[in-house]
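> Below, each chain spelled out in residue letters.
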Amino acid sequence: NAGVTQTPKFRVLKTGQSMTLLCAQDMNHEYMYWYRQDPGMGLRLIHYSVGEGTTAKGEVPDGYNVSRLKKQNFLLGLESAAPSQTSVYFCASRNTDTQYFGPGTRLTVL
Amino acid sequence: GENVEQHPSTLSVQEGDSAVIKCTYSDSASNYFPWYKQELGKRPQLIIDIRSNVGEKKDQRIAVTLNKTAKHFSLHITETQPEDSAVYFCAASDTGFQKLVFGTGTRLLVSP
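Keeping their order, the protein sequence lines are chains A and B.
Taking the numbering used here, the leading residue of the first sequence gets 113, the next gets one more, and so forth.
Taking the numbering used here, the leading residue of the second sequence gets 612, the next gets one more, and so forth.
Calculated from the structure, these hints are not laboratory results.
Note that the structure is predicted; figures quoted are calculated from it, not measured.
Glycine included, each C-beta is placed from N, C-alpha and C at the ideal position.
Hints should not be assumed to be uniformly reliable.
These stretches of chain A come out as covered by chain B in the derived footprint (C-beta under 8 angstroms, 3 or more residues) [unchecked claim]:
1) 150-156
2) 160-170
3) 198-211
If we strip away everything but chain B, and leave its shape as in the complex, we get (with noise of 0.2 angstroms):
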């Protein structure tokens, strides 16, 4: 079945810095990938995702990229503010896509 890895676990930076969080999945069918956001108590809430017949795909200070050859996409947080901080999932979607296998998560601060 699919697995998805995700890192860093922690990362800290400060407000106005870019964060990357990066992850890689194992199966080749895989082909929709979404990001999450969780604040602290609260609900997991999508972000941003990307379907396997595009490279990269922006919402304002987000963006994620997809590189289907090696297995691995990224989310990219440009200008990071305070309200940034919280935790970052990503996914894949297993073949048949009934289901989402998820990583384990990212704690991204960002310090003002």
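Here chain A stands alone, though its shape is the one from the complex (with noise of 0.2 angstroms):
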């Protein structure tokens, strides 16, 4: 088992311009999650999954989309990206109880 991964791992954008983070999970798990880490303020919830074909927003959602069109896959993208943006990115599936985080994307917004 992968477990959970995440494409790209860096990435330089420039203000305005947009992308897509790919999570990918083989566990077949039902939950999925996507965060942001900047330093200091631990880890934030962006939008959350709770199976395939939901979403729904977390406590920092403006400026982000998210699909979950397939069970193991779980989109988050930036239209139009900001400075603000510039973090980096955590996916987290679970099952039960624990969450399963992937490997991170870090995001660099000129």
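Dock chain one against chain two, each of which comes alone in its own frame, and use the hints as you go.
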């Protein structure tokens, strides 16, 4: 099992550009999550999904969109990137209690 | 909604000493409290968790205690080693247990 994987690992964008981050899990988990991690602010939930075809807003959803068309994939989109979206993005999935995190994507918006 | 506060933000100890990190939560309905360890440049990884029907749980050198009345829980690491140096996050489940709310993290530095 690969567990939770994220693509890409690193990305640099210019202000106003768009991109999609891909999260994939092979553990058949129902729940999936997108977090951003900024220094001194811990892990903040952007959006989450409780099953295929469902999404819900988290703590900091503005400027992001998500889709869960397949159970194993959870996509995070930035339509018009802003410097404030420079961060490390983590995806996670869970079935019962434990959340398993992906390796992260480091995004820089210039 | 749930709010989790974590203290201290940084903690420096000598190898062999004990370390204690404390968290408080606001939602009395929360029933699951995990602790994650994150090494520099790596993903957070679960090290121990506790449910609200248990007051204490231990796994080798680490233990977690929960006081539901006071709405706080703590991580205890005994006989600390340099490899324990990392950022530790506490979290609490929301009502309905759809998501976790994380504390802001504690940077633990263990000096040889």
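> So, for every hint listed, does it hold in this structure?
A quick look at each hint next to the structure:
no.	hint	in the structure
1	150-156	holds (count 5)
2	160-170	holds (count 4)
3	198-211	holds (count 4)
Checked against the numbered hints above, the structure violates none of them.
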